[in-house]
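S.K.: Taking the hints into account, I'd like the entire structure generated from these sequences.
Residues in the sequence shown are numbered consecutively from 652, following our numbering.
Think of the hints as simulated: they come from the structure by calculation, not from any bench. One thing to keep in mind: the hints can contain errors.
As the list claims (entries may be wrong) - DSS-like cross-link-like pairs, simulated, lysine-lysine; straight-line CA separation at most 27 Å:
1. 842 x 811
2. 692 x 731
3. 767 x 681
Stated by the list, open to error - The calculated label-pair distances, taken between Cβ atoms and stated as ranges, are:
4. 689 x 842: 15 to 25 Å
5. 827 x 749: 32 to 42 Å
6. 749 x 676: 36 to 46 Å
7. 667 x 729: 15 to 25 Å
8. 759 x 822: 18 to 28 Å
9. 750 x 884: 38 to 48 Å
Even glycine gets a Cβ: it sits at the ideal position worked out from N, Cα and C.
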Amino acid sequence: MSTESLNSYTLQIKLYVLERPGIGLSTFAKRSFLEFSQDIKEFCDQKKIENCSLIAYSAGGPYGLAAAYSLGKSTDNSSKPLITKAAIISSIAPYNVPNLTSNMPLKLKFAWWLTKNWTGLLSLIARMESNAVMKDPVKASREGRSDAPQSDIECIENLKGVEEMFIESSLEMYSRGQIETECYEYSLWGKDWGFQLNEISGGVKCKVWHGEEDSGTTISMGKYIALQIPGCEASFVEEKGHLLYFEVWNDIVDWLVT
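M.R.: If you want it as structure tokens, here you go:
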């Protein structure tokens, strides 16, 4: 699609950003990935949205996949599902993915082990990190990406506002005391999600975008998701990391609107 055509489509897009339970202004609740799908449905009912597409990135990936599973099927009232397309970018994958932690830094491998075996210690570490962010957010942000691939570092250096956006997001979350949400989500990663990826069907179309150098959500995760979902498309991008999202935005929009 040409840039001119894409821009004309973009002008017609209505974009809603839904906050997960306990993030932003959303009330904390110990709910599953699948239960959040009901929030999406109720939101669409309120807005009288009959069909829509979905974008899910990083830790939001499991919520997006759950919505594709539960809202991606046609119903008695409609021949089309509520969620017609789901774009899944740099997503977390189920804990039992083969080679899940390949190419991860040691500290992230340890964190993944803790999600399944010792969530209490993981929560303690997360709270220590949140304190570091509140004390010196810029220093904490830069130390946090010390093991990041070169493409992620270049993205932050070259795209204006990206670093500031992540810092502001962290400060917003931790200043509201929402570390409890973060810790609870970590515990969900190490459990069964309540559905299987190969059960995502019934009309919804899915596409995975994933950077091959991603050291946080590894390429093994992206490939597993794409392989498990029937008919799933995939774009695995060489020499790109977790911040791929900012470089493929136009491609994502193009896929969603065509």
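S.K.: Does each hint fit the structure? Answer for all of them.
M.R.: Consistency of the hints with the structure:
1. Distance hint between residue 842 and residue 811 is unfulfilled; the C-alpha atoms sit about 37 Å from each other, more than 27 Å.
2. Distance check on the hinted pair: residue 692 and residue 731 sit about 14 Å apart at the alpha-carbon level, within 27 Å; holds.
3. Note on residue 767 and residue 681: the hinted pairing holds, with a Cα-Cα distance of about 17 Å set against a maximum of 27 Å.
4. For residue 689 and residue 842, the Cβ-Cβ distance of about 19 Å falls inside the hinted range of 15 to 25 Å, so the restraint holds.
5. For the hinted restraint 32 to 42 Å between residue 827 and residue 749, the CB-CB distance of approximately 37 Å keeps it satisfied.
6. Hint check: residue 749 to residue 676, Cβ distance near 38 Å, so the stated range 36 to 46 Å holds.
7. A beta carbon spacing of about 20 Å between residue 667 and residue 729 agrees with the range 15 to 25 Å that was offered as a hint.
8. Between residue 759 and residue 822 the CB atoms are about 22 Å apart, so this pair conforms to the stated range of 18 to 28 Å.
9. Taking 38 to 48 Å as the suggested C-beta distance range, the pair residue 750 and residue 884 does not conform, at roughly 22 Å.
In the structure shown, a violation is registered for the earlier hints numbered 1, 9, in ascending order.
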